[in-house]
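Respectively, the protein sequence lines represent chains A and B. For the first sequence, the positions run 53 to 388 when this note's numbering is used. For the second sequence, the positions run 55 to 384 when this note's numbering is used.
Simulated from the structure, these hints should not be mistaken for lab results. Check each hint, because a few of them may be wrong.
[Stated by the list, open to error] No farther apart than 25 Å at their CA atoms in a straight line, the calculated lysine to any residue pairs in the SDA-like style are these:
| id | chain 1 | residue 1 | chain 2 | residue 2 |
| --- | --- | --- | --- | --- |
| 1 | A | Lys127 | A | Asp279 |
| 2 | A | Lys257 | B | Ile319 |
| 3 | B | Lys144 | B | Gln122 |
| 4 | A | Lys329 | B | Arg262 |
| 5 | B | Lys144 | B | Trp76 |
| 6 | A | Lys54 | B | Ile329 |
| 7 | A | Lys329 | B | Ile319 |
| 8 | A | Lys329 | B | Gly326 |
| 9 | A | Lys329 | B | Gln122 |
| 10 | A | Lys329 | B | Leu178 |
| 11 | A | Lys96 | B | Ile329 |
| 12 | B | Lys144 | B | Ser97 |
[As the list claims (entries may be wrong)] Pulled from the structure, derived: some chain A residues nowhere near chain B, Cβ distances all over 12 Å:
| id | residue |
| --- | --- |
| 13 | Leu76 |
| 14 | Asn162 |
| 15 | Leu180 |
| 16 | Ser268 |
| 17 | Tyr276 |
| 18 | Ala313 |
| 19 | Glu316 |
| 20 | Leu332 |
[What the hints assert, rightly or not] To spell it out: a stretch of chain B is covered by chain A in this simulated footprint if at least three of its residues, at any positions, have a beta carbon under 8 Å from a beta carbon of chain A; those stretches are:
| id | region |
| --- | --- |
| 21 | 252-260 |
| 22 | 287-293 |
Glycine included, each C-beta is placed from N, C-alpha and C at the ideal position.
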Amino acid sequence: MKPLLTVEHLSKHYESRRGLVERLTGVPHTVVRAVNDVSLTVAKGEILGLIGESGCGKSTLGRAILRLNEPNAGKVVFDGTDVTALDPLALKNMRRRMQIIFQDPYASLNPRRTVAEIVGLPLKLHGLASGEEARAITARIVERVGLKANQLDRYPHQFSGGQRQRIGIARALVSNPEFIVCDEPVSALDVSIQAQIIALLLELKREMGLTYLFISHDISVIGYLADRVAVMYLGEIVEMGPVDDVLANPRHPYTQSLLSAVPEIEPHGRKPRVRLKGDLPSPLHPPSGCKFHTRCPLAIDICRTLAPVSENVGPGHQAACHRLAEGVSLMSETGA
Amino acid sequence: MSALLEVRGLRTVFHTRAGEVWAVDGVDVEVRRGECLGIVGESGSGKSVTFASVMGLVRSPGRVAEGQILFEGRDLRALSLREMRAVRGKEIAMTMQDALTALNPALTVGEQIREALEAHDETLPARGQPRRAAIRAKSVEMLGLVGIPSAESRLRQYPHEFSGGMRQRIMIAIALACRPKLLIADEPTTALDVTIQAQVLELITDIRARLGMSVVLITHDLGVVAEHCDRVMVMYAGQVVESGPTAEVIATPRHPYTRGLLASIPRPGLRGQPIRPIEGQVPDLIGMAPQCRFYSRCPVRREACLAPVAMRPAGAGRSARCVLLDEVPA
Numbered sequence: 053m054k055p056l057l058t059v060e061h062l063s064k065h066y067e068s069r070r071g072l073v074e075r076l077t078g079v080p081h082t083v084v085r086a087v088n089d090v091s092l093t094v095a096k097g098e099i100l101g102l103i104g105e106s107g108c109g110k111s112t113l114g115r116a117i118l119r120l121n122e123p124n125a126g127k128v129v130f131d132g133t134d135v136t137a138l139d140p141l142a143l144k145n146m147r148r149r150m151q152i153i154f155q156d157p158y159a160s161l162n163p164r165r166t167v168a169e170i171v172g173l174p175l176k177l178h179g180l181a182s183g184e185e186a187r188a189i190t191a192r193i194v195e196r197v198g199l200k201a202n203q204l205d206r207y208p209h210q211f212s213g214g215q216r217q218r219i220g221i222a223r224a225l226v227s228n229p230e231f232i233v234c235d236e237p238v239s240a241l242d243v244s245i246q247a248q249i250i251a252l253l254l255e256l257k258r259e260m261g262l263t264y265l266f267i268s269h270d271i272s273v274i275g276y277l278a279d280r281v282a283v284m285y286l287g288e289i290v291e292m293g294p295v296d297d298v299l300a301n302p303r304h305p306y307t308q309s310l311l312s313a314v315p316e317i318e319p320h321g322r323k324p325r326v327r328l329k330g331d332l333p334s335p336l337h338p339p340s341g342c343k344f345h346t347r348c349p350l351a352i353d354i355c356r357t358l359a360p361v362s363e364n365v366g367p368g369h370q371a372a373c374h375r376l377a378e379g380v381s382l383m384s385e386t387g388a
Numbered sequence: 055m056s057a058l059l060e061v062r063g064l065r066t067v068f069h070t071r072a073g074e075v076w077a078v079d080g081v082d083v084e085v086r087r088g089e090c091l092g093i094v095g096e097s098g099s100g101k102s103v104t105f106a107s108v109m110g111l112v113r114s115p116g117r118v119a120e121g122q123i124l125f126e127g128r129d130l131r132a133l134s135l136r137e138m139r140a141v142r143g144k145e146i147a148m149t150m151q152d153a154l155t156a157l158n159p160a161l162t163v164g165e166q167i168r169e170a171l172e173a174h175d176e177t178l179p180a181r182g183q184p185r186r187a188a189i190r191a192k193s194v195e196m197l198g199l200v201g202i203p204s205a206e207s208r209l210r211q212y213p214h215e216f217s218g219g220m221r222q223r224i225m226i227a228i229a230l231a232c233r234p235k236l237l238i239a240d241e242p243t244t245a246l247d248v249t250i251q252a253q254v255l256e257l258i259t260d261i262r263a264r265l266g267m268s269v270v271l272i273t274h275d276l277g278v279v280a281e282h283c284d285r286v287m288v289m290y291a292g293q294v295v296e297s298g299p300t301a302e303v304i305a306t307p308r309h310p311y312t313r314g315l316l317a318s319i320p321r322p323g324l325r326g327q328p329i330r331p332i333e334g335q336v337p338d339l340i341g342m343a344p345q346c347r348f349y350s351r352c353p354v355r356r357e358a359c360l361a362p363v364a365m366r367p368a369g370a371g372r373s374a375r376c377v378l379l380d381e382v383p384a
């Protein structure tokens with residue numbers, strides 16, 4: 053299938069701000085490579101899960117794809133159009149088709165606007181509808197996400213976290229988009245409410261033929277709803293593939309340790325635990341070579357100097373690790 | 055095994071402008087010596103307030119209205135503030151969810167461990183150099199216990215110089231400084247990434263075994279409870295709805311809320327199958343009728359649920375707050 057979205061060598065770097073003294077004395081910029089040379093594709097109707105720990109760059113990647121954060125290098129092609137080359141007006145038109153649902157249902161809604169104003173704004177911005185018609189469309193989508201039409205004139209603070217997330221979903225969907233970046237849409241919610249929102253997102257995807265890039269730190273959520281998964285570590289994708297393959301047969305040591313750290317409810321589902329040393333290194337001073345080598349129990353000399361390239365390890369399944377060919381695995385080394 | 059902590063009929067109320075909120079309404083807890091008890095519930099279920107009440111940390115407009123809190127047979131509610139202060143930190147210690155706000159940003163980590171030791175540790179030499187040396191040695195030992203390397207130099211650092219996982223370890227070190235018999239860990243890993251969460255939970259389990267203390271683990275994550283707790287107590291809207299040995303509660307939940315909670319957890323094995331969320335939301339506790347609190351969301355509700363529902367025995371060591379247990383014998 054032809055991909056709906058293609059991301060090629062996308063990078064987003066942030067330079068630290070230098071004060072006057074630093075500038076005069078020629079102290080160089082420190083650069084945070086939040087997203088570093090990331091390539092991926094998302095097919096129409098697919099859910100690509102993007103997983104990683106805080107600070108790995110997954111949200112920055114999602115935003116860079118929509119050019120909410122302007123990428124420094126690389127290309128984003130959506131349905132044949134190079135999004136990274138669009139002028140501001142064309143980009144605005146493109147955004148009707150590419151939307152985002154944010155993580156924090158408290159910070160992402162304007163507290164001084166009513167639900168009707170928040171959800172109806174995309175209709176106005178894109179000139180899709182106005183007046184009574186806009187209100188009718190807004191009411192319809194608000195009801196579809198599980199709120200009541202008589203709540204249209206209320207303000208965000210009058211809703212619970214789960215309901216606010218429904219408002220955010222309605223806003224993303226009102227312009228009838230094709231692709232949505234779901235940026236940790238359920239992470240701030242309680243378990244029972246989280247299940248409601250996941251069920252809603254899956255229903256909406258089916259009904260409206262949507263395509264999702266679903267960002268999450270929760271492997272269970274990704275395993276439940278994604279078709280394929282990409283694993284990020286310090287700004288780079290270390291492993292990507294069909295979700296069943298990656299969960300059943302993770303090839304990168306980071307993926308392996310991530311999976312083994314998830315607490316399992318079922319006693320028989322428990323895997324041998326791979327304990328990672330230390331914390332995520334500072335992205336200001338990322339390790340040389342393979343960025344995972346400082347925490348990797350399998351690291352050898354070459355990992356400290358040379359960054360591994362992504363190789364095929366199965367149908368549609370890639371991983372970037374120097375030790376793939378040897379077939380060493382954390383699961384087997386520490387396993388029973 | 056005798057109970058270390060026994061709470062009976064605890065009721066804690068918050069007076070708000072909108073009315074009285076019974077955040078904890080008739081909660082019984084038993085923590086046995088050496089065990090790890092998991093407390094599971096969603097936001098607002100009363101799990102943190104229950105243990106804030108045990109610690110005597112509920113402040114106005116909140117108030118512990120009724121109930122007994124027996125620690126080694128002593129009723130903590132009958133203690134004076136001064137006596138309670140001697141219990142807190144020394145006999146029972148608590149770690150908070152958000153280590154960054156719970157730690158004092160203006161004091162070094164060493165100073166904060168010293169505070170705990172100075173308040174409670176009577177084995178320290180009275181004054182002078184020997185006292186300072188003893189405090190220093192114990193502080194280094196505590197940081198070592200929670201797995202913080204190069205403790206000597208780390209003691210001179212401030213909380214902001216540590217990562218989230220390290221801060222949680224520091225809070226645990228402070229809590230354990232006086233070797234309490236009971237550690238209450240309130241969502242110790244909620245703010246942490248999954249690989250760091252695994253490290254911290256293993257640390258708590260490991261220290262519990264080594265020091266032989268009891269642990270209450272407050273969490274919203276049933277997976278965490280399944281891996282680390284002997285017994286579990288499920289709370290909903292200020293009440294305990296189910297309790298029992300963890301493996302049995304998870305294998306055969308007896309309360310519809312526990313069942314709903316388990317069914318709500320997305321699992322990779324269930325892909326393609328519809329997830330069955332609990333409908334609706336947690337009820338407003340203000341002016342709550344004395345009925346089953348799960349009534350509005352319960353898929354199997356009936357008329358009998360509109361009367362107050364008490365905990366019922368539900369098999370060996372198990373109990374649940376559901377009228378259906380009367381119909382289907384355990």
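Structure-inconsistent hints, enumerated in ascending order: 5, 6, 7, 8, 9, 10, 12, 16, 17, 18, 19, 20, 22
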